[in-house]
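As a plain string of letters, each chain reads:
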Amino acid sequence: MHSSTFDAAHVLHTLEHLLPAQNAMREFVHHNSLHAFQQYPFFEALFSASETFGFNTTLSLKEYRALYEAGRISTPVLHDVLDQAHGAENRDAWMHKLCVQPYSMVRVARVGQSRKQWLDDLAFDLDEAVHPRLFRFIAAYLDQGISQEPFPGRAEGLWAALKALESQSSFSFFKTKKAAQLLQSEALTLEALLHELCQSPESYATYLYDQQFSHPGWSGLIATMAKQPSILLDARHVSLEDLVRVELILECDLLWHRGKAFPKFSALLTEAELFAPHTEQELYTVIQRWQEAFEWTYYHEVLAGLGSTTKAQPVEKASFQALFCIDDRECSLRRHLETEDPHCETLGTPGFFGVEFYYQPVGSQELHKQCPAPVTPGFLIRETSGQRKRKTDLAHAPGNKSLLFNVAWTGLWGIRIGFRWIGDLFFPEHRAFRAAAGLHMSDQPELDILHVEGSPKIKGLQVGFTLEQMADRVEGVLKSTGLRQNFAPLIYIVAHGSSSANNPYVSAYDCGACSGKPGSINAKVFSFMANHPDVRALLAQRGLILPESTQFVAALHDTASDEVLFYGTEELPTELQLAHQRHDLSFKKALNWNARERSRRFAEQPLASTADAYQAQVKARSASIFEPRPEYNHATNALCIIGERAHTKHLFLDRRAFLNSYNHTQDPDGTLLAGVLRPIGPVCGGINLEYYFSRVDPQRLGAGSKLPHNVVGLLGVANSSDGDLRTGLPIQMVEIHDPVRLMLIVEHDPAVVLRVISAEPAMLEWYQNEWIHLMVYHPVEKRFYRFQKGRMEPFTPHAMKTPLMADRSSWFRQRSHAQSQSVIETTHEHLPVAHMAPELV
Amino acid sequence: MNTLLLLSTLWPLVAFLGVVILRSTSERWIIWKTKVAVLFQGAGLLALTLGYFLGGLQTTHWESPAWLIGSTEFEFRLASTGTSLSLAGLGTVIFFLVAQFSKTYLHREQGFKRFFATLLLFLLSYQIVVFADNLETLLMGWEVLGITSFLLIGFFRERYHSVKNALKTLTYYRLADIGLLFSIWLLHTHFHGENTLSAFHHFHIPADHMGVAWGIGLGLLLAAAVKSGQFPFSAWVPRAMEGPSTSSALFYGALSLHIGAILLLKTADLWQQIPGLPWIVAAMGGVTALVGSAIARYQSSIKTQIAYMALAQIGLIFIELALGWTYIAVFHIASHAIFRAYQLLVSSSIQHYKLHQQFFGELHSGRSKSWIPSRWHASLLTLSIQEFRLDRAMRSLLWKPFKAIGRSVSFLGNTRVVIGLGVVGVLGFGLEETGWGMHKEWLAIALSAFALLLVLASVAERRSVTVSWNFVVVAQFFILAATAANKPLTTEEWVIYLSGPIVAAIWGHTALYLLKKEGAPMDLKSFYGSVHDHPHFALGFLISALAMGGFPITPTFFGVDVVLNHDGSNQWILVCLQLITFFWTEVAALRIYSRVFTGPFYQLDRPVSYKNS
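These protein sequences, in sequence, are chains A and B.
Residues in the first sequence are numbered consecutively from 19, following my numbering.
Residues in the second sequence are numbered consecutively from 5, following my numbering.
No wet-lab data here; the hints were simulated from the structure.
Computed from a predicted structure; not experimentally measured.
We put the beta carbon where it would ideally sit given N, CA and C, even for glycine.
Hints should not be assumed to be uniformly reliable.
Taking lysine-lysine pairs in the PhoX-like style, the calculated list, with each CA pair at most 20 Å apart, reads [stated by the list, open to error]:
{"no.": "1", "chain 1": "A", "residue 1": "K819", "chain 2": "A", "residue 2": "K329"}
{"no.": "2", "chain 1": "B", "residue 1": "K404", "chain 2": "A", "residue 2": "K193"}
{"no.": "3", "chain 1": "A", "residue 1": "K195", "chain 2": "A", "residue 2": "K278"}
{"no.": "4", "chain 1": "A", "residue 1": "K278", "chain 2": "B", "residue 2": "K407"}
{"no.": "5", "chain 1": "B", "residue 1": "K117", "chain 2": "B", "residue 2": "K39"}
{"no.": "6", "chain 1": "B", "residue 1": "K117", "chain 2": "A", "residue 2": "K278"}
{"no.": "7", "chain 1": "B", "residue 1": "K404", "chain 2": "B", "residue 2": "K529"}
{"no.": "8", "chain 1": "B", "residue 1": "K529", "chain 2": "A", "residue 2": "K134"}
Derived list of chain A stretches under chain B, where covered just means 3 residues or more per stretch with a C-beta under 8 Å from a C-beta of chain B [to be verified]:
{"no.": "9", "segment": "500-510"}
{"no.": "10", "segment": "796-803"}
When you get a sec, could you build the whole thing from the sequences and use the hints?
This is the structure we're talking about:
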């Protein structure tokens with residue numbers, strides 16, 4: 019019965035590692051879908067994952083060839099890639115292989131193979147019989163608010179819950195008495211259950227892998243939730259082992275119910291064989307070259323543009339400064355703002371602005387986490403006043419009441435809902451069920467930001483920050499972005515959030531640095547800290563002198579409706595208020611242009627005639643219940659640039675770059691650089707790779723089309739009443755995305771960068787294994803270095819002409835005509851990297 | 005006026021043909037055509053309504069010329085009564101709102117054209133059902149409605165659950181069709197084909213015909229109950245939520261789910277006369293209302309919860325109909341349809357909304373503080389998770405026994421044997437014409453039973469597609485042989501019935517042959533998804549499968565009626581056998597289509613979904 023060859027703990031641990039790490043949708047965190055393979059070099063990981071799980075991890079050969087035909091992959095770059103890998107003398111042979119030679123490649127997923135054979139032998143669709151009941155049971159147990167009856171009892175875990183339910187209910191969950199009795203037996207181990215199903219203990223491990231990977235959505239959710247249970251407002255205890263046991267007993271039940279003896283499971287592959295490295299195939303090499311050529315076609319364009327751009331003059335007396343999130347959507351707003359007001363300065367830093375805390379809005383008992391996912395804050399910021407009216411929505415209200423109430427409701431309000439429906443279709447506007455970024459925090463919040471000496475901890479958290487702690491954080495942000503002197507009279511801290519209606523992925527559109535929430539509260543807290551005279555006194559002692567005339571103002575940019583909300587401007591002194599009015603105008607104009615630029619991608623929107631019309635369209639889009647693409651979020655992201663804004667100020671990057679301000683001259687030995695680089699892998703790399711994988715495999719790594727999605731338990735979405743939870747991003751979010759890896763460009767001495775990344779193995783892994791390309795720009799030598807094979811090699815991009823963007827309206831006039839979701843069509847509207855004409859900067 | 009009625013009803017057909025025949029896939033053009041269709045229809049309906057009121061609530065009738073086939077007379081009738089005008093208006097309005105919603109919602113979706121084409125076909129079938137003035141016309145609309153459901157549930161053809169549930173829903177719908185066919189047969193044989201709905205008002209069922217009337221009533225009730233998801237036929241409703249939210253809203257929120265109630269509404273004058281039947285209707289509605297709302301309270305996914313709430317409400321509508329409250333029922337249908345459709349469309353917003361409410365309100369806001377003991381709770385939860393085991397029951401009572409019978413004759417599954425049988429079947433006509441020996445009725449029953457066995461063998465067949473298809477084809481000959489044995493057939497009747505199966509057989513075999521040449525897998529053990537690489541073969545086979553089943557694209561639609569009407573008024577066994585055969589014929593044909601052409605692609609050389617996603 020018990021075998022030394024089966025190690026349950028090891029198998030469960032491996033499962034936790036390999037299963038998708040997507041937690042409940044309340045806080046959507048972008049992460050590398052193949053994070054379990056991150057210790058391998060990129061392509062090795064891709065092909066191994068493909069062979070192990072059957073994922074489609076790259077575009078198909080046909081698509082690459084079509085991209086080449088369409089000119090999206092440049093020939094010189096392709097030649098370059100081939101020459102470097104196979105030598106110039108073999109170029110023709112390889113060109114033939116890439117462009118002409120037919121390959122047939124049918125994957126056979128190793129995981130699941132044995133199970134499939136077993137099910138064929140059984141001539142019984144066990145999965146179809148077990149999964150619906152299993153999923154409904156788990157959903158009922160975990161349900162956070164869709165079911166109107168809470169799960170009876172407060173059992174600890176799925177197994178205990180099943181036992182409790184079975185003992186209380188007059189109807190059995192099982193079809194056979196044998197299974198019901200087995201459920202009640204004490205200390206039922208995994209081995210005991212597996213023994214009923216498998217021929218020998220050697221097959222146990224494979225059985226479990228095959229079983230759990232037939233529904234990675236639910237298993238992944240349970241495994242991730244077990245590690246971070248606080249995400250649930252209505253707490254539940256979960257563990258992967260419980261899930262496995264429940265599933266095993268359900269399978270036993272169904273197999274015993276059939277009555278006849280059944281052939282037991284025999285693994286065709288051992289665990290080692292399941293996770294063996296990928297086989298050698300020439301097709302893999304061909305695909306690898308294509309993907310590299312595809313990526314480098316873009317990178318060369320970028321590097322040529324960066325190399326040939328003129329460095330902007332430093333702004334002497336800035337009219338205002340604005341600190342934005344590094345988010346790629348802010349890249350375009352910053353550009354437009356700089357055009358509208360050439361005397362302003364914009365900077366980029368992760369959108370939580372260095373302040374990590376839990377936020378408790380007024381009237382709530384629950385907490386919002388407002389910092390990056392891996393960080394566990396020890397602080398609490400409470401909103402003490404600022405009533406927000408909570409409106410109930412007509413369409414959702416009747417669910418919780420009795421049948422008779424329902425009759426009255428639908429009978430009376432049916433016609434009224436019809437009128438509302440017409441309104442929603444033709445005049446979309448905010449409704450109670452819409453997620454609006456501006457509602458995250460009251461317009462004039464009263465917050466407990468300064469810690470009162472001796473005040474008690476709440477939920478184990480310190481309420482507010484002490485002056486010292488405040489000074490630490492403000493100093494951290496100002497120094498890392500390089501903003502240490504020449505402060506403008508007004509410094510805006512611009513956070514971002516998103517608004518949309520009828521969108522379960524709303525958290526994915528908000529600021530990732532704030533765990534999928536709007537960052538308005540962080541901006542407000544930071545501004546308070548930076549404005550506080552005592553904090554400024556401390557900062558002055560540390561060398562950061564903030565003049566009295568400088569005031570920080572918090573703001574929120576709604577990236578979907580392209581509006582900016584400023585907080586606390588009434589409290590500014592009069593002359594600053596006047597200045598603010600002028601800047602507000604610049605913001606408005608910049609937002610108009612931003613809306614116009616974004617509209618270029620929205621095919622079905624009609625061409626607008628006035629600038630305000632674009633803004634109105636975009637705003638309507640963010641409130642439309644029928645719009646599955648309220649905004650494109652991080653789609654098309656491909657770059658991350660860490661350095662001075664002056665280098666990128668004159669460059670048009672088509673909203674594809676994360677821009678983090680950093681001044682290498684103030685940090686010659688790279689101590690600050692380490693702090694700046696640390697989150698880049700998990701945050702920017704995570705975003706990029708999630709988009710990559712959801713794009714190339716929308717069915718298994720992505721969430722498929724949004725249209726049939728069905729919200730389950732407020733935890734996630736599934737595709738039907740009986741479907742598994744979907745992980746990853748839906749097609750509507752990734753359809754215009756180019757599946758290319760992120761290129762990180764750092765402005766510093768390559769030796770320093772090398773030292774910094776080598777110091778932390780977790781950080782080095784990203785670049786060593788080439789999950790993110792690392793390019794370093796030597797500010798003195800004015801040349802690029804590529805990090806490859808553990809070394810920094812000098813790199814010269816191909817010489818190419820970078821076009822000039824002379825006027826914005828003609829560039830943004832191109833409308834998206836893509837009618838399908840094929841990569842050729844949806845991505846051919848990317849604009850090239852361009853230099854901006856002097857009038858525009 | 006009556007031409008206007010005909011035009012208003014059939015206008016969506018013009019739009020449908022416009023979308024389908026013209027090759028353009030431009031979204032703008034498709035939307036434009038749809039909107040024009042709706043506009044014209046709306047205008048037509050308005051004119052009809054004006055005419056109705058100005059004429060002093062005068063119903064407009066339209067009748068087609070009568071067509072005599074053998075001894076059966078066919079006629080299509082439409083009537084614009086007050087209730088049908090309101091329901092037609094409701095349908096057009098909801099359709100317009102859903103189409104407008106879908107314009108952006110389905111943008112860049114691969115099946116955009118397919119979606120709107122099917123939607124237009126649905127509108128056509130809905131209008132036919134609403135305006136139908138006799139049961140044959142209604143049946144025509146009814147069948148088309150069923151097929152549009154099948155096509156839209158299976159809209160995401162590359163997903164396993166989509167296509168599986170589409171077939172399951174179709175099986176339920178076919179049951180409804182059979183109920184209607186049974187009623188039509190009874191009306192024909194016992195009431196001389198008197199089935200003009202608007203005439204039921206003046207029609208009094210003589211007391212000695214009450215037994216037959218019960219049969220008619222139950223047939224209608226079966227059809228209505230299945231289509232409206234009433235207990236015990238509720239299991240298909242949550243599984244029908246596989247298509248895009250807009251089609252789920254239009255069908256299972258609004259129109260298609262209410263069509264059962266609409267049927268009862270239209271035939272109310274007849275079945276309300278039958279003493280005791282309204283009690284059964286009310287009981288069914290009441291049980292559904294209670295059970296449906298109980299299940300809904302325990303559902304953890306929003307769309308299944310809405311599905312159960314919807315059918316629970318329709319249970320109440322059934323009670324209203326049983327009580328004879330017509331106007332209240334119409335208002336309730338209209339109001340409920342709009343509400344549910346909207347609720348389904350905004351169902352995804354519950355994710356943010358509910359969490360937001362919980363954040364600021366009480367946790368478990370709106371959840372009941374239980375006044376019922378926890379034992380009841382636990383039992384209700386277990387039952388609701390299993391959806392009161394209705395799906396299981398339907399499978400054990402319906403699917404499994406028949407499939408087992410089919411498996412028992414699978415030894416016939418050899419192409420040569422099947423063709424041989426076909427020859428025997430054809431010879432059968434000739435022999436019957438000469439009046440060979442045996443007692444006619446028993447021969448007819450034997451041949452009918454054999455036809456049923458063949459169709460069941462087709463359903464149970466897993467190894468070869470062509471054998472399965474041949475079973476269905478040959479069975480049609482045996483059906484005809486049985487009919488001929490019962491009473492001689494005229495040439496016209498033969499041709500009418502066989503037109504569908506023969507064309508279907510040829511076209512279907514061609515499609516399968518061409519597919520086989522391309523190397524696609526040709527067995528029925530799994531779903532193979534060949535539609536992605538060969539959409540034209542798939543469409544060809546789909547049309548063949550529909551034609552085989554008597555879908556109103558070939559004269560076989562009439563042929564089915566002809567076959568039934570050949571049965572004497574007391575030949576119950578024969579009728580039952582024939583109805584069951586018709587039921588399984590369409591299921592068998594579409595099963596072949598589903599397995600060969602739809603589902604996740606059989607090879608992993610492209611992104612392929614998991615089986616349960």
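Hints, verified against the model:
Using a Cα cut-off of 20 Å, the hinted pair K819 (chain A) and K329 (chain A) holds, with the two alpha carbons roughly 18 Å apart. The hinted pair formed by K404 (chain B) and K193 (chain A) meets the criterion: a straight-line CA distance of about 17 Å does not exceed 20 Å. Pair hint K195 (chain A) plus K278 (chain A) holds up; C-alpha atoms about 16 Å apart against a cutoff of 20 Å. For a cut-off of 20 Å, the pair hint linking K278 (chain A) to K407 (chain B) stands: about 18 Å separates their Cα positions.
Under the criterion of a C-alpha separation no larger than 20 Å, the hint pairing K117 (chain B) with K39 (chain B) is consistent with the structure, at around 14 Å. Under the criterion of a C-alpha separation no larger than 20 Å, the hint pairing K117 (chain B) with K278 (chain A) is inconsistent with the structure, at around 49 Å. Simply put, K404 (chain B) and K529 (chain B) have alpha-carbon atoms about 16 Å apart, close enough for the 20 Å limit, and the pair holds. At roughly 13 Å between alpha-carbon atoms, K529 (chain B) and K134 (chain A) fall within 20 Å of each other, so this suggested pair holds.
Only residues whose C-beta sits within less than 8 Å of a C-beta in chain B count toward coverage, and the segment 500-510 of chain A has 0 of them, not enough to reach three; the restraint is violated. Beta-carbon proximity to chain B at under 8 Å applies to 0 residues in the segment 796-803 of chain A; the threshold of 3 is not reached and the given coverage is violated.
Hints 6, 9 and 10 from the list above are not met by this structure, while the remaining hints are.
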